[in-house]
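Visitor: What follows is the residue order along each chain.
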Amino acid sequence: MASPDEIADTIAGFTLFADLPAAGLAEVAHEFEEVWFAEGERILRQGLTGSGFYVILDGECSIQIDGVERAVLGRGDFFGEVSILLGEPPIADVVATRAVRCIQLPGPKVEGFLVDHPRVMYRMLQALARRFRTVNRWRS
Amino acid sequence: MARQRPDERPFPPGAYPLIVVGSGAGGLQVSYWLRRFGIRHAVLSADEAPGGMFRRWPLFQRLLSWTKPYALPDRTVRAFERYDWNSLLADEPELRGLAATFMDGTSSFPSRPEMEANLVAFAERARIAVRFGCRWTATRRDEGAAGSRFVLETTDGEYSAPIVVFAVGVAEPFRPPIPGIELAHHYAAVRAPETYAGRRVLVIGKRNSGFELANGLLPWAASIVLVSPSPAKLSVLTRSLVGVRARYVQPYEDFALGGGVGLLDAAVERIERLDGALAARLRPTDGGEPMTVAADEIIEATGFAAPVGDLPELGVAVVGQARVPAQTVWWESASLPGIFFAGTLSQGSGGLKKHGQPSNSGAVHGFRYNARILAEHLATTAFGRSLERSPIDPAEVVDRLLEEATLGPELWHQKGYLAWVVGLDPATGPRDGGVVPLAAFVDGLAPAEPTAVAMSVEADAAGEIAPVLYVRAAGRVTEHVLPGQRLHEFRTAEHRRAVAAALRPLGRGLVAVD
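Here the protein sequences line up with chains H and C, keeping their order. All residue numbers for the first sequence refer to the working numbering, where the first residue is 1 and numbers rise by one. All residue numbers for the second sequence refer to the working numbering, where the first residue is 1001 and numbers rise by one.
Simulated from the structure, these hints should not be mistaken for lab results. Just so you know, not all the hints are guaranteed correct.
[To be verified] As a list, the in silico DMTMM-like pairs of lysine to aspartate or glutamate whose alpha-carbon atoms are at most 20 Å apart:
1. C/K1233 - C/D1265
2. C/K1353 - H/E41
3. C/K1233 - C/D1286
4. H/K109 - H/E81
5. C/K1353 - H/E81
6. C/K1233 - H/E31
7. C/K1233 - H/E111
8. C/K1233 - C/E1464
9. C/K1353 - H/D93
[What the hints assert, rightly or not] Ranges between beta-carbon positions, derived for each pair:
10. H/D58 - C/P1017: 31 to 37 Å
11. C/P1505 - H/A71: 30 to 36 Å
12. C/P1193 - H/S3: 27 to 33 Å
13. H/R131 - C/S1107: 53 to 59 Å
[As the list claims (entries may be wrong)] One-sided excerpt, in silico: chain C residues whose CB lies under 10 Å from chain H:
14. T1285
15. P1325
16. G1416
17. A1461
No residue lacks a Cβ here, since even glycine has one placed at the ideal position from N, Cα and C.
With the sequences and hints as input, model every part of the structure.
Guide: Printed below as a string of structure tokens:
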């Protein structure tokens, strides 16, 4: 359980929100919804439309494509943005491998949020670029 | 309802197979269905009579959920539930649509006393037994030879059960941790409207309770400013219950027309005394310099928290400032098995929230269905009952799916959250799987048949409503968004073709699709 103030304090330490001033963090804490998942619960579902954007506050998630684990995410990591940016259903399941606490923003609100917070968008681009580089390294 | 004398009260302290805590709409509804499934249980309530929050709120004595007494369907049939957000569900025709019978015709929104009378009448006529005046005070877990039991300490003594359903509402005033908040007062402590005559009122919060308050004080207050970090949302624009309801939108129009109402997007940093009045120091979230607003009265319309008592210490995970317990698809604590939730607390099982659309589990017209499904779930998983599941003629599956999409009150009141499902076992043929949480279907938890279909009604990101068919086969679930229809009549040739096309790969033996 966390009040918006506690959530703002937590996310202040995350790279994604590192450039936000206190008022911006408070707005994020107010705008996003806190959600909690038990071990084994699916958070994103492969192939189903209309998903959201998630930032992990605590816990660990497994990214699985057709049941095969492709990556593990933890505190401060985020997911769901790719399908929202592309307007397509997620290509992977995201499953809680132990209890997970996240903040979540519904898909239809993500574009407006990123446009209103260009520094968050820039940090997200950096994270996506890092993932892209990693994938290219594997290939080369 | 006559006040119970202590010696007449049902459910003395002791051991029970199941305990329900609460006598509001949620507690009454879950008790009704548990009894229909023959499950012995005790119902405990700290109140003196049924009705829960409606014994006191809404503040201005008028609900924001409607009942339309003169809808086309008769009030005793299932189809009427679409037009009635306030009655509890029952199998008996004489217990259905009760809210409509208490309304005096001045509004399609029942007054608070009409809603209270509706719930009291349901409790009396359905003979829901409740031990009133029995307050749950503490909880512990006992590991005995017969397994784990929860022990509820109450003002009347100890009760124990392996399963407890809490239907205690979300009614504990939430006070944000703002320095100086003690100078303000909460929505729950608002005085008679006339005592705000000529006063400058600052309302913290821009959700329904903030706007309800502002709307109610428009004839009295000298000025009204509403402040919170995020912009106000309007339900007519979000096309969901997220947002200020049309009934309370007048202050928004006054603001837009420059009529003595202010809306500010800002965080309240602190509240101070200033020149014999109060001052709120604000930090705008939409840019700009810090500012100060002077007021004679500051009211927190910052919502309510769930009165979950010591459950978090026992291991029940709660989320958000409302402290709503995190729940599985079957409304069981996600962190403490055996503890379940009904009524407005069932909103803690969020469902898929596709396109950001929330469930309507926070309101009577949504959670009344959750209560029935919860009772079915407990009956079959914990009490060994088996539910009769009617066969469906393979030639009728397509039509039945489209009939539910067009008329099913569960699908319409719980869009994208509840679904009607049909099991497709080749050995037995199609069977009615009833209404279940959509998340339970897509995650393979219901119905039991590996091959099955589900129909839900959903709103997309633009708010357009359409039926969505889900087909589960060979371990995968595929989603088929069907066409919309201007008047939401989905029993058309176009829809039949679309459903048939989605079901055709299952094979002709299971479902007749031509």
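Visitor: Determine for every hint whether it applies to the structure shown.
Guide: Now the hints, each set against the structure:
{"no.": "1", "hint": "C/K1233 - C/D1265", "result": "holds, 12 Å"}
{"no.": "2", "hint": "C/K1353 - H/E41", "result": "holds, 15 Å"}
{"no.": "3", "hint": "C/K1233 - C/D1286", "result": "holds, 15 Å"}
{"no.": "4", "hint": "H/K109 - H/E81", "result": "holds, 11 Å"}
{"no.": "5", "hint": "C/K1353 - H/E81", "result": "holds, 16 Å"}
{"no.": "6", "hint": "C/K1233 - H/E31", "result": "holds, 11 Å"}
{"no.": "7", "hint": "C/K1233 - H/E111", "result": "holds, 17 Å"}
{"no.": "8", "hint": "C/K1233 - C/E1464", "result": "holds, 18 Å"}
{"no.": "9", "hint": "C/K1353 - H/D93", "result": "holds, 16 Å"}
{"no.": "10", "hint": "H/D58 - C/P1017: 31 to 37 Å", "result": "holds, 36 Å"}
{"no.": "11", "hint": "C/P1505 - H/A71: 30 to 36 Å", "result": "holds, 32 Å"}
{"no.": "12", "hint": "C/P1193 - H/S3: 27 to 33 Å", "result": "holds, 30 Å"}
{"no.": "13", "hint": "H/R131 - C/S1107: 53 to 59 Å", "result": "holds, 55 Å"}
{"no.": "14", "hint": "T1285", "result": "holds, 4 Å"}
{"no.": "15", "hint": "P1325", "result": "holds, 9 Å"}
{"no.": "16", "hint": "G1416", "result": "holds, 8 Å"}
{"no.": "17", "hint": "A1461", "result": "holds, 4 Å"}
Hint violations for this structure: none, all hints satisfied.
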